[in-house]
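S.K.: Based on the provided sequences and hints, a complete structural model is requested.
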Amino acid sequence: MNYARTTSGRLADAAIAIIMIFVIVICLYPLVFVFSMSISDPLAAAAQEVWLFPKGFSLNAYKLVLDNPDIWKSYANTLWYTVGGTALNVTMTILLAYPLSRRSFVLRHPITLMIVFTMLFNGGLIPTFILVNNIGLYNTRWALIILGAVGVWYVIIARTYFSTIPDSLVESAKLDGANDIRIFWSIVVPLSKPIIAVLVLFYAVGHWNSYFSALIYLPNKDLQPLQLYLVKVLVESTNLADSVLPGEEKSLALMQIKYSIIIVATLPILFVYPFLQKYFVKGVMIGAIKG
Amino acid sequence: MPSPMTASPARHSAPVRGSAFYKFAKQLVSDKYLILMVLPAVAYFIIFHYLPMYGVLMAFKNFSPSRGIWNSPWVGLKWFEQFFDSIYAFRLIKNVLLLNLYNLLWSFPIPIVFALMLNEIRKNAFKRVVQTVSYMPHFISVVVIVGMAITFLSPNDGIVNTALEKLGFAKINFLSEPGWFRTIYIGTDVWASFGYNSILYLAALAGIDSQMYEAARIDGASRWKQLVHVTLPGIAPTIIILLLLQLGRMMSIGFEKIILLYTPSTYEVSDVISSYVYRIGLVGGDFSFAAAVDLMNATINFVLIVVFNWLSRRLTETSLW
Chain Z
1 MNYARTTSGR LADAAIAIIM IFVIVICLYP LVFVFSMSIS DPLAAAAQEV WLFPKGFSLN
61 AYKLVLDNPD IWKSYANTLW YTVGGTALNV TMTILLAYPL SRRSFVLRHP ITLMIVFTML
121 FNGGLIPTFI LVNNIGLYNT RWALIILGAV GVWYVIIART YFSTIPDSLV ESAKLDGAND
181 IRIFWSIVVP LSKPIIAVLV LFYAVGHWNS YFSALIYLPN KDLQPLQLYL VKVLVESTNL
241 ADSVLPGEEK SLALMQIKYS IIIVATLPIL FVYPFLQKYF VKGVMIGAIK G
Chain V
1001 MPSPMTASPA RHSAPVRGSA FYKFAKQLVS DKYLILMVLP AVAYFIIFHY LPMYGVLMAF
1061 KNFSPSRGIW NSPWVGLKWF EQFFDSIYAF RLIKNVLLLN LYNLLWSFPI PIVFALMLNE
1121 IRKNAFKRVV QTVSYMPHFI SVVVIVGMAI TFLSPNDGIV NTALEKLGFA KINFLSEPGW
1181 FRTIYIGTDV WASFGYNSIL YLAALAGIDS QMYEAARIDG ASRWKQLVHV TLPGIAPTII
1241 ILLLLQLGRM MSIGFEKIIL LYTPSTYEVS DVISSYVYRI GLVGGDFSFA AAVDLMNATI
1301 NFVLIVVFNW LSRRLTETSL W
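Chains as they are written, first to last, in my numbering: chain Z, 1 to 291; chain V, 1001 to 1321.
No lab work stands behind these hints: they were computed from the structure. Quick caveat, the model's predicted, so the values are computed rather than measured.
Partial chain Z-side listing against chain V, Cβ under 10 angstroms, derived:
#1 GLY123
#2 ILE126
#3 LEU131
#4 TYR259
Once the Cα atoms are required to be at most 30 angstroms apart in a straight line, the calculated DSS-like pairs of lysine-lysine come out as:
#5 V:LYS1078 - V:LYS1094
#6 Z:LYS282 - V:LYS1123
#7 V:LYS1127 - Z:LYS278
#8 V:LYS1023 - Z:LYS174
#9 V:LYS1257 - Z:LYS73
#10 V:LYS1032 - Z:LYS174
#11 Z:LYS55 - V:LYS1166
#12 Z:LYS232 - V:LYS1257
#13 V:LYS1171 - Z:LYS232
#14 V:LYS1127 - Z:LYS193
#15 Z:LYS278 - V:LYS1123
#16 Z:LYS55 - V:LYS1171
#17 Z:LYS282 - V:LYS1257
#18 Z:LYS282 - V:LYS1127
#19 V:LYS1032 - Z:LYS193
#20 V:LYS1257 - Z:LYS278
Just so it is clear, CB atoms sit at the ideal spot from N, CA and C, and this is done for glycine as well.
M.R.: Written as structure tokens, this is what we have:
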């Protein structure tokens, strides 16, 4: 697109560029600020002298945070839920999506209808809670893995992807004597690396960031994931200072501790994000086309 | 089609009814491996999504966990009456509607404008950097976002209040002031989602036929005119669909951020139906009542979503050219 170099054109371009820079600043500043505060000298931090760059240098807050075994336990729990949960999610999702992508599948319509309906209506928070209780999942690790095992939206995305695998391929394999499971395992799955990557990313991020299921189903502190630990420290502001710090260091360091915890919890995502970003975008696009 | 090798022993049985059912049964058998594959997921949906629907009955009963749903006494519409008679009903519904309205006002258009601006950028490297940075907030968990908001807005040592003080203004206790709640809620929402939500619009923008732009240019259209007469109509279907879907969600709002952000002093603007159900039902243990309120909300949502989904399908068929 070649635009004539008019003044108004140049002005528009400049305005847009300025706005975009503003956007970048807005997106990055909070995290940069949090990071700077967390590594600054505690006195400078408490005196509110830090605005963008750290003042002084101190890893004191991090030491306090990382010396607390609770955060390690929470991290381990989150890893467990993320890895285990995502594995289950992706498996169940593609096992459901592939047959639904076959037009000749006898149960295609009823099942599709059934799962789409759940997007419109469900039993509600209380009945689900009671059910989980009655099944015996309350206060167990499995509550977080089994609940939300399959996301309808992701099934639809996967189904769209699988429908690009031509029926002729499946038919010729059948003529060679393969059954559906064999076809799925040896032909479909190897062809599905892109969609599996997208699913893994979406589900994994979902698990990493989730807190609510743990809030209502996991009263046992030893089973709680990182986000729930963050809720306690950042939102409810309980006990961390009490359990970790003596007397007056408390108020000085508390804010820095909060900022350090934010960094500790978010660093993995921030680190991994740039590399995986294009897969997410692809996933959203696939979903959009179907939507 | 089933392979020619399967026998059909039903040739002697009653013809018409038998053959329709028989065909279905035969297909079930030939698809048996596919059925096996979907079984775990289907079982999951039945157990965790459909079984709780039975639990909806507790909204009409005086449910006690020890007696179970079946044995609890029937109370009919008592809880629904109780809810609508209370002062909460109006407040909660008003809050949901207002929050969603603000959402429509801000969170909806901003990604569109952002996408349009991105589309005008010609230096690809710059464009990609902006995109990458703008998607990032979406991946930060709601707990961290609320945590940052709470810390920044903290009355004594939050950075915002420190800045206000230095500029000569009085400190504001943001999180306890009802007047600030919606701003904080929508503000953090926009921050977290504007980039990610723009992806759909960017895809739509990329799908506009470049020949339309050519034709417009040949007709002497300026850059602005091209925007108005080619670009906007080009993404209009996308906007309309998403708008209608959003309208279908006017009565529904997720509580995950709200229960982290609200305080008792802001309940009058921040408490919504879903957070109320959580507080009264799960935390307070008033199961039946909360289930009733939840059911009412879910039913309204269902009707709204179905109506607007249908509308979106009808309207966009006629608006596509």
